[in-house]
Amino acid sequence: MSLALGVLPWLVSAWLFAVGLYGIVRSRHYVHLIACLAVCQSATYVLLLSIGFRWHAGPPIFYDHPPGSAAVDPVMQALVLTDIVVGAAVSALLLAIALQVHKRRGSVDPQSLRPLRPNR
Amino acid sequence: MSPGLRSLLLLLALALLAPFAWHVAKALPQFGSPTAAYGATVNALGPPLRHVSNMVAAVNFDFRALDTLGEESMLFCAVTGAVVLLRGTRGEGTNRRAGLIPGRAVLARSDAQVLLCRIACTLTMLFGLYMVLHGTVTPGGGFQGGVIIASAVLLLYLAEGYGPWRRLIRSPLLDVLESLGVLLFVGAGAAPLLSGHAAMSNLMPLGHFRDLFSGGVMLVTNFAVGLAVAAGFVMLLLEFLEETRALQSDSLPDEAQR
Amino acid sequence: MSAATSLPLAGLLPLVVLLPLGIAAALLAVSHWLPARFIELSALATSLSVAAACARLAQAGLTGPIVQWMGGWAPAASGRSGVVLGVSFAADPTSAALAAFAALLFALAFVFAWGEFDDTHGHFHVLMLLFLAALAGFCLTQDLFNLFVWFELMSVAAFALTAYPLGKSSLEGALNFTITNALGSFLMLAGIGLLYARTGTLDMATMGRMVMHLSGDPVVAAGFCMIAAALLTKGAIVPFHLWLSDAHTVAPAAVSVTFSGAMVSVALFGLAKLLAKVFLGNAQLAHLSQEFLAPLGIATAILGALMTWAQRHLKRLLAFSTISHMGVVVLAIATLRPAGLAGLLVYIIGHGLVKGALFMLAGMLLALRASGDEIILYRRGRGLGMAAPAMLLAALLFCNVPWGLLHRGEDLIAAADADATTRLVLSLATALTGAAILRAALRIFFGCSGVPGVERAAPSEPEHEKAQRPLWVMQLSCWILLGLAVLPGGSLVAFARAAAQQLLPGTLSAAALSGESSSIAALLFVVAVLAAALLRVRPVRPLMRAVARGEGRLFGALQGLHSGLVGDYVVWMLLGLAALIVCAQLLG
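Protein chains in written order, with the numbering used here: chain A, 1 to 120; chain B, 121 to 378; chain C, 379 to 966.
Read the hints as simulated data drawn from the structure, not as lab findings.
Please read these numbers as outputs of a predicted model, since none were measured by experiment.
Backbone N, C-alpha and C fix where the C-beta goes; we use that ideal spot for every residue, glycine too.
Mixed in with the good hints, there may be bad ones.
[To be verified] One side only, chain B facing chain C, incomplete, derived with CB under 7 Å:
| hint | residue |
| --- | --- |
| 1 | 131 |
| 2 | 187 |
| 3 | 200 |
Given the sequences, and given the hints that come with them, work out the whole structure.
In structure tokens, the structure reads:
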């Protein structure tokens, strides 16, 4: 039981990544694809935050608790903050591009859009 | 590749990776018992060395300030890119009315919406400013507070409507605010070089532990990030809202030649 | 300012990144009110300053690396041994030299794009300066997460710049680029997390000391494989390479110069630096790099060369040529020897100079002849001044002629690898790319061509770039690059050898392996292939028709792999990652 609990977050992270990838590969709409990319990113959030977690420890904010009390890893939280900003940046760009693709091509189906059609 | 073959290859790849995911999961330190010394050292040394109580802010704005500068620049870059992409085909223009789609009714804003959004907007803006200013003391900081301020501006749009909101929120001003945010951070990073210290050094007075104005240069960089993030997100909101205006033809590489 | 002139050299390190970031922000603020020329001049001046600073750092770094710990958080400041609290920049000469080269390429790209991006209020220059800052930071950093941050900034700037022209293909190419590289960066972040979980640090040197004793550890192996997959994606190595042909084809020519010349090479250099500084002591991973990366490099070189031959759109042709040359770079990395690293530096610089010039020529044709397709441009290259000799010279430099920086780089790499068959195969592959460019040049500028062969079925589209730009400015930047590329480069080679020994321990053999036999073989191959292309007639007899059909099927299958659909690309990336991890376990 404790083995299962000890590895559960890593497996959840792997599962989220796999599900996101499945969604990306089989997607028929670009906005759905961008959401699946966000799911893949959530996998990294879960992984990083779980790496930093410590049982019976509080947040690394020593306003209510005295400094020196048990706290989780703040470095991982800072990394996740950066990751969230990365996700926001990439999503904003992708949505802007998808909007323009819809205006230009009239379709946002990833399985029918390709740059440079081959000449026959 | 046909969709069927693609799904098959995907499942094959995932099947190949699955046993290694299990293997790695078992080999990682048990969940809840980390062995990393970096985080524990930061927790131990942050309060005495920098007089701040928010360790995440200490990591973001002092120990690893260069990462935060890169991250802020990345948001700046993404906003600039999104602006270029969205503004390109429609051109810049201000003070136009929102577009109308034929066949869709235009609903007047209800009094309840206006009242609630006006109240919510002011409260949210205040809360966002509180988050930014208390970044080094309690949970929060420049990024979080900046996004909340941007949401407050969105609530302002819902309260006031497109016309008045657009007259108030101008993109040159937002450009200046965003750039100011990045420049302030770059300046705070480069200023210690003039006196011979390393870049990003914390040379300002550190203040008292648990005080609002504690942390030294962290306050400056925190505020800079809040400014840049708020202005950046409002810029994104502006550009996406402007998409409701009609498409203009423009010079594009694969359209008819001049 | 008197304070600035007395800055110690370590102070230049953060300035190399802070200056472009600050100038980019300032340009965006004032772009509404200042003329376009001012913005272009500021961007040019900034990139030249960064190039000069990095060159100075590279030269000073030969005596010993220059280090600055950001925020003053040197290892001693933590008071605990083995815990490093801060992020550092270090200018070992290889990294600084590469950063200087990237900045130089940017400066020339700004010159080339003079007058092209006037109506966008400086946004192009802002994005390019941010891109430059990220490249410089990526080269100089000594912290793994800081590397990721600059990698992300580089990626986001590249995504925006690819979609810049806003044509249909640009947007779709940018989508493919963004999605594949975003997945790569998630893998990189997860890999960094795994390594942190095992070693407890993010500093490269400290992690290297800890990883040395962890050979066979699955967490370290998985972390390395994921980071390597991300860097191989950015570096466009088979099977992670599929996005590059789309992205290069649709990006503006000035931007493609920086992609091929700087971004892709710097990503692979990042892999080399990680291997040298962090993972070299780990027996399992060092063995994996030598056994897995070498065949991967050869496969990339061959596939890239075959696809280059089968293209008609100039920028797409050059993109596949880049992929082929990056295969050679990966082979240099896989040797894990200082001669290989020295060769890598010289090769990257030589390749970047020539590829930059070629992209500028393609941009010239797009601007002044309104097409990028070699079949449509048949005989339309007349009247473009010195563009014809430029393209011929650039193509010859790829055809393995025994002069120029690229050739010196190949000699150094061959000295590290010392396998004659590999050298022959690589020479033939890169010579095929040179032959493809020669074919295009002869067709466009001299009207010599046979019936179009496999390239007729290649993807292409009508495209143009802004035309009202001075031709002499475009030609100037192109000729500066070519002039630098044909230099004998003795001092650069000596510098590279000294620099490589700082990064990788080991002895450097005195003389490089002479590659005359492979040079001659390559030149004969080029002549044969070109003759077949120029003298080609429509196949009438049954044997020739069968040959043509077989050729069409082979290249059609290869083109079909590069389908342009993002789902396919993601699946190939995953298969590549699976292969990497399986090999790591089998060799561990």
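Structure-based check of all given hints:
| no. | hint | in the structure |
| --- | --- | --- |
| 1 | 131 | violated, 10 Å |
| 2 | 187 | holds, 5 Å |
| 3 | 200 | holds, 6 Å |
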